[in-house]
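Student: Residue numbers (the working numbering), protein chains in the order written: chain P, 2 to 126; chain G, 2 to 126; chain B, 2 to 126.
Source of the hints: derived by calculation from the structure; they are not laboratory data.
Owing to the predicted nature of the structure, the values given are computational and were not obtained by experimental measurement.
You may find that some hints are simply not true.
Note that identical chains are pooled: a pair holds if it fits in a single copy or bridges any two copies.
[Said to hold, decoys possible] List of simulated lysine to any residue pairs, SDA-like, C-alpha gap at most 25 angstroms: (1) Lys13 to His47; (2) Lys13 to His120; (3) Lys113 to Tyr54; (4) Lys95 to Pro36; (5) Lys113 to Thr78; (6) Lys113 to Met61; (7) Lys95 to Gly38; (8) Lys95 to Leu122; (9) Lys13 to Ile60; (10) Lys113 to Glu91; (11) Lys113 to Pro101; (12) Lys95 to Asp34; (13) Lys113 to Ala126; (14) Lys95 to Ala16; (15) Lys95 to Glu46; (16) Lys95 to Asp23; (17) Lys13 to Pro101; (18) Lys113 to Ala80; (19) Lys95 to Val67; (20) Lys113 to Asn56; (21) Lys13 to Leu27; (22) Lys95 to Arg62; (23) Lys113 to Thr32; (24) Lys13 to Arg87; (25) Lys13 to Tyr54; (26) Lys113 to Gly38; (27) Lys113 to Glu37.
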Amino acid sequence: MPLLHISLRAGKPVAYRQAIFDSLYLAMRDTLDVPEGDQFMTISEHDATNFRYGNAFGIMRRDDLVLIQITVFNTRTTAQKAALFRRIAELLGKSPGIRPEDVFVNVIEAAKENWSVGHGLAQFA
Amino acid sequence: MPLLHISLRAGKPVAYRQAIFDSLYLAMRDTLDVPEGDQFMTISEHDATNFRYGNAFGIMRRDDLVLIQITVFNTRTTAQKAALFRRIAELLGKSPGIRPEDVFVNVIEAAKENWSVGHGLAQFA
Amino acid sequence: MPLLHISLRAGKPVAYRQAIFDSLYLAMRDTLDVPEGDQFMTISEHDATNFRYGNAFGIMRRDDLVLIQITVFNTRTTAQKAALFRRIAELLGKSPGIRPEDVFVNVIEAAKENWSVGHGLAQFA
Numbered sequence: 002m003p004l005l006h007i008s009l010r011a012g013k014p015v016a017y018r019q020a021i022f023d024s025l026y027l028a029m030r031d032t033l034d035v036p037e038g039d040q041f042m043t044i045s046e047h048d049a050t051n052f053r054y055g056n057a058f059g060i061m062r063r064d065d066l067v068l069i070q071i072t073v074f075n076t077r078t079t080a081q082k083a084a085l086f087r088r089i090a091e092l093l094g095k096s097p098g099i100r101p102e103d104v105f106v107n108v109i110e111a112a113k114e115n116w117s118v119g120h121g122l123a124q125f126a
Numbered sequence: 002m003p004l005l006h007i008s009l010r011a012g013k014p015v016a017y018r019q020a021i022f023d024s025l026y027l028a029m030r031d032t033l034d035v036p037e038g039d040q041f042m043t044i045s046e047h048d049a050t051n052f053r054y055g056n057a058f059g060i061m062r063r064d065d066l067v068l069i070q071i072t073v074f075n076t077r078t079t080a081q082k083a084a085l086f087r088r089i090a091e092l093l094g095k096s097p098g099i100r101p102e103d104v105f106v107n108v109i110e111a112a113k114e115n116w117s118v119g120h121g122l123a124q125f126a
Numbered sequence: 002m003p004l005l006h007i008s009l010r011a012g013k014p015v016a017y018r019q020a021i022f023d024s025l026y027l028a029m030r031d032t033l034d035v036p037e038g039d040q041f042m043t044i045s046e047h048d049a050t051n052f053r054y055g056n057a058f059g060i061m062r063r064d065d066l067v068l069i070q071i072t073v074f075n076t077r078t079t080a081q082k083a084a085l086f087r088r089i090a091e092l093l094g095k096s097p098g099i100r101p102e103d104v105f106v107n108v109i110e111a112a113k114e115n116w117s118v119g120h121g122l123a124q125f126a
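Isolated chain P (complex conformation) (with noise of 0.2 angstroms):
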């Protein structure tokens, strides 16, 4: 049950949004094992205005940086987390043609405790 938001410039057409939850939810499946169906993402869109970024560790980003950030459980391992990020840059360099450069990915883990899925459950406690 990742959580992803996901934060990009306003304009992008549907087709290339949908692109972006595919490929991050086959990478998903692909580096972390998750379930059939456990996407749970969002994209924000935002103007020149609201969205800054800049060139730092030598990498010359444009303006269809995406920035990923990625809750997930506190229980993967180090090598799991780059074969995500591996493989987000490669499905999303595919489809919708992002790249690599422009492929900003932030991980953020909460214990198995920390996460409802529905019901008012902690279902993974």
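Add chains G and B to chain P, keeping to what the hints say.
Tutor: Only chains G and B this time, still in chain P's reference frame:
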């Protein structure tokens, strides 16, 4: 000083969204012992194309799904978090009337020294 | 590579919102030693009905309240975080001129291995 970010589909009436705020605040008062006026919450409304969810974990969700991300002190017990989840689903079920299947909650934890609620001070460090 | 999500009431002029970005970037340069160009920030503007706050902890807040959530490495000291809070309030007070009562900051921590700032790599693992 929980900080809450709530994501849902766009188009709900004002009273509906105010009821979400009210119920979440009451749930925190009841289960986390937060003081009066300790409510810091935003709602982000998303078009269908910017809001993706699935039916993982055997729960049939609908477009009324509410994704609630709550950042709190890292001092809460498992029992407190479970009580919070229960109370949130219960109160949102009463007002504005959200099905328990459509209440998704994630808790993120931050140390006391990680909060400044005004004046540039770390009031709880 | 702090990642910042800033929430405020809708309607502030462009220059005001740019000043928020500038002051936050400068505060991070001053207190967290982030490199040049290390700014990744979004602003979400909310209607009154989607922005709820209270006066907890004896602070009389107004509609100019800015809720700032900063995700950083989990390597910062308590002193660094306190300095960050002070500097943010100081700089936002100067430009765009926000009352210190209206500056709310929460820091979330993520391990170095939890970041990919481009190319699908975990640059800091």
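Student: Indicate, hint by hint, whether the structure satisfies it.
Tutor: For each hint, the structure was consulted:
1. Lys13 to His47: Result: close both inside a copy and across copies, 11 angstroms intra and 15 angstroms inter.
2. Lys13 to His120: Result: close only across copies, 21 angstroms inter versus 35 angstroms intra.
3. Lys113 to Tyr54: between (33 angstroms within a copy, 20 angstroms between copies)
4. Lys95 to Pro36: This pair counts as within: shortest intra-copy Cα distance 23 angstroms, inter-copy 31 angstroms.
5. Lys113 to Thr78: For Lys113 and Thr78, both the intra-copy (15 angstroms) and inter-copy (13 angstroms) Cα distances are at most 25 angstroms.
6. Lys113 to Met61: Classified as between; 21 angstroms across copies, 37 angstroms inside a copy.
7. Lys95 to Gly38: within (22 angstroms within a copy, 28 angstroms between copies)
8. Lys95 to Leu122: between (38 angstroms within a copy, 17 angstroms between copies)
9. Lys13 to Ile60: within (22 angstroms within a copy, 31 angstroms between copies)
10. Lys113 to Glu91: between (29 angstroms within a copy, 21 angstroms between copies)
11. Lys113 to Pro101: For Lys113 and Pro101, only the inter-copy Cα distance (20 angstroms) is at most 25 angstroms; the intra-copy one is 31 angstroms.
12. Lys95 to Asp34: For Lys95 and Asp34, the Cα distance is within 25 angstroms only inside one copy (21 angstroms; across copies 35 angstroms).
13. Lys113 to Ala126: both (5 angstroms within a copy, 23 angstroms between copies)
14. Lys95 to Ala16: within (13 angstroms within a copy, 37 angstroms between copies)
15. Lys95 to Glu46: For Lys95 and Glu46, the Cα distance is within 25 angstroms only inside one copy (21 angstroms; across copies 29 angstroms).
16. Lys95 to Asp23: For Lys95 and Asp23, only the intra-copy Cα distance (11 angstroms) is at most 25 angstroms; the inter-copy one is 34 angstroms.
17. Lys13 to Pro101: Within. Shortest intra-copy distance 18 angstroms satisfies the 25 angstroms Cα cut-off; inter-copy 33 angstroms does not.
18. Lys113 to Ala80: both (20 angstroms within a copy, 13 angstroms between copies)
19. Lys95 to Val67: within (15 angstroms within a copy, 31 angstroms between copies)
20. Lys113 to Asn56: between (35 angstroms within a copy, 19 angstroms between copies)
21. Lys13 to Leu27: Result: close within a single copy only, 21 angstroms intra versus 31 angstroms inter.
22. Lys95 to Arg62: Within one copy, since 18 angstroms is at most 25 angstroms while 30 angstroms is not.
23. Lys113 to Thr32: So Lys113 and Thr32 pass the 25 angstroms test inside a copy (18 angstroms) and across (19 angstroms) alike.
24. Lys13 to Arg87: within (23 angstroms within a copy, 38 angstroms between copies)
25. Lys13 to Tyr54: Both ways: Lys13 and Tyr54 sit 18 angstroms apart in one copy and 20 angstroms across, limit 25 angstroms.
26. Lys113 to Gly38: within (18 angstroms within a copy, 29 angstroms between copies)
27. Lys113 to Glu37: This pair counts as within: shortest intra-copy Cα distance 19 angstroms, inter-copy 29 angstroms.
Consistency with the previously given hints is maintained throughout, with no hint failing.
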